[in-house]
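*Asks:* Residue numbers (the numbering used here), protein chains in the order written: chain A, 1 to 466; chain S, 1 to 466.
In short, the hints are calculated from the structure, not lab data.
Cβ atoms here follow ideal geometry from the backbone N, Cα and C, with glycine treated the same way.
A portion of the hints provided could be inaccurate.
[What the hints assert, rightly or not] Under 8 Å between C-beta atoms, here's a sample of chain A residues computed to sit facing chain S:
no.: 1; residue: GLY85
no.: 2; residue: GLU243
no.: 3; residue: GLY307
There are 2 protein chains.
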Amino acid sequence: MSPMDPPRRAFRFERLLAGDRWARDVRVEVDTAGRIASLRTDGAPDGCETVTGWAVPGVPNVHSHSFQRALAGLAEGRGPDSFWGWREVMYAFLERLTPDDVEAISAQLYVEMLKAGFTCVGEFHYLHHPPGGGRYEDPAEMSRRILAAARTAGIGLVHLPVVYERGGFGGEGLEGGQRRFRMDLEGVGRMHDELAGDFAAAGAGLGWALHSLRAVSEGSVGRVEELVGGSQMPVHIHVAEQEREVRECLAARGARPVEWLLGRAPVDERWCLVHATHVNREEIAAVAGCGAVVGLCPTTEANLGDGLFPLGEFARAGGRFAIGTDSHVSRSPVEELRLLEYGQRLVTRSRAGLGGGGREEGVLGGAGGALLAHAWSDGCRALGWEGGGVEIGKRADVVVLDAGHPALVGREGAAVLDSWVFSGTETPVRDVMVGGEWVVTGGRHVREEVVAGAFRASAGATPTES
Amino acid sequence: MSPMDPPRRAFRFERLLAGDRWARDVRVEVDTAGRIASLRTDGAPDGCETVTGWAVPGVPNVHSHSFQRALAGLAEGRGPDSFWGWREVMYAFLERLTPDDVEAISAQLYVEMLKAGFTCVGEFHYLHHPPGGGRYEDPAEMSRRILAAARTAGIGLVHLPVVYERGGFGGEGLEGGQRRFRMDLEGVGRMHDELAGDFAAAGAGLGWALHSLRAVSEGSVGRVEELVGGSQMPVHIHVAEQEREVRECLAARGARPVEWLLGRAPVDERWCLVHATHVNREEIAAVAGCGAVVGLCPTTEANLGDGLFPLGEFARAGGRFAIGTDSHVSRSPVEELRLLEYGQRLVTRSRAGLGGGGREEGVLGGAGGALLAHAWSDGCRALGWEGGGVEIGKRADVVVLDAGHPALVGREGAAVLDSWVFSGTETPVRDVMVGGEWVVTGGRHVREEVVAGAFRASAGATPTES
């Protein structure tokens, strides 16, 4: 280091998850790029910041439509009694959202995510244009607002602009709210070029997203590899979320959605198949075999009545999966993992973790630890994010659980992570750092009030009697 | 009122749930017994305490084994992979619990329940005796500790001492941990006599519980009506929680558990059938027809791999149901209701609320409101508790939601209750009163730290590396 370099930050974690064990008194140095530069367990503390509690990696959130946070709780009436009815409510809702609204909503969402223990988010971004489908003066306006929100909150971001070309398997045109989504493959490429500099400077990532087989032509699905090329960027797609999609794909193409996709595109470990709810035995084996990550969104899949992913069979086949909060009826990693596990236990009528597919050891050996292990590792893979573990070279994204919290009192070993996941809804998360910077301390976000204020102003309404 | 009577307490609620609408500026007087003496919407505020936010009835928790709170998160390893494996862990755990432990654990549990919006609890109490099965000097020692914990926390209590006679359908003896549970019908009657004065003075209720058809003889089930008699006390029983119980009952008695029970005892609206998970079409109709309340414990039923109750069919048949936190992996009413609803949506693959059985209107017309309506009304019926609504003569048990909380910003009408149930895990509950006394203010319980301190001391362990 030259005399001009800013000093590295150094922390001493009293208890830190290292592999499958709790390590004591680990000294961690973080460089100016927010990455872990050194880890030492020898030597006395030497003035660096001591952090009590149970320190674990921050959790990646692989699937988000940030604007939907403002809709949570508004679509529970008797009208929208199916996914498709909900989608109509969502389209009507988004018609009035301005860039300021989206930035305020996203910042609030990201603050909530951080407080619950998510430290990076994959933004499946399709709200590109103004209502009616024109263009903002800056065509990448909405994407810049997502970046701004992520920077305000201090969360890690992997931005996935979405290809959205048509309204259905028959090549239907875009209607109503969908006109804000129009984007072709080349358009996403231009957005990458436009945004690359600012995103890199902010430490944010970029990737590709295809909305779904309904919304993207066969030709475009076939060409995506050519555009992604050797970039190693992640590629995400919604697939097989609803039974209706499976029926329509079979009728239009003679194949199930996941089956068709794996036959048309070189799906591999850079890909994230979001939901993949309706898959048969062959598809399960094929996805597990190709190394793609399945992006599960349990609270959204439940809220929308999608169905249960066959987790046990998939995990036993060595499949990779991670979690996302999608429509943001939940903003908590442990609520997602808990519901994922409970769905399996309810239908298998057993307590075998991960539907019988759990294989971790040590302090990851309980159901909670096994679920988190997938979320950390497979989630970071799905986002191309170098995190998910406190290791040299990885981003210093760390969540600290309060050892004295009533949910964790008397807990040690595997019971710490099991209790974080399964014991109660009051969060034991006390502090969160992203890239070595504290963004949550003492259970509060460093900009919590100003972000909430902007969110309230955006919502605008004063409650009135109804 | 004579000059010697203490003054009534008076509150002005800016928004109060009245029937199926939000009423504005309601002046409520509470008498010295903690019951609502008057409700007025006319007239200007006259110095009584103003309460902002959305005020709703406190939620009853119909099923609790308080000591199990200390076990939450400890039984998620690969060992206990069935209900029966979990039960072994639970028996081993309870062997070392002293009356001080049970009081400390229960008080902490009840504080957590209050903070989440439960205002009364039905304690299905079977931990009567010391380890090994002797007797405490005061045979009702453990029950008195439950009352003490409820008073420390300030929660309403309906105490249900449990009859537990044998280890299985074949009349097996009690073994191991079960020896702390031994109690026959007459023993419960004597406990009622012993406790009646103190419980009445504390405003707590009493009732009857039969552990299960495994643990209570056919003769005792037949005699319970004789002992309950005209008292109108509630009668609770675990029934049909696991498929193994159904098989054993069919083998031993030639009938399914709920079927057998309804044929042997005059089950009616004083009864609460806890779980009733495994019921066929005829049983569903019979339970709905007799007016009994089904006590659903969604997070516990999921955690233990019991299965999904057929809520849609039952609700469409006019059945009554309420919620309990049972093993206390959750301590939140909205987490229970949310999981109850999500289980239905996942298996029906639709968004129809309550599996298609919701029938409320107005601000209760969304899925959240409909679920709460059952919890309030059927839950209070199951406990014989005069609550569940802010009405003259009922107990002044009120939960106040912060209208400015990010989960509730911009919400009005039915969306308020829908958002409380479905939007996120950070609770918007700000204040809670029980019998007109504030026990939670600004999101903190009035005795939170001292109760947590006793809980930590009881847990005892300083976390160590494992």
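*Asks:* Determine for every hint whether it applies to the structure shown.
*Replies:* Outcome of the hint check:
no., hint, in the structure
1, GLY85, "holds (7 Å)"
2, GLU243, "holds (7 Å)"
3, GLY307, "holds (5 Å)"
Every hint from the earlier list agrees with this structure, and none is contradicted.
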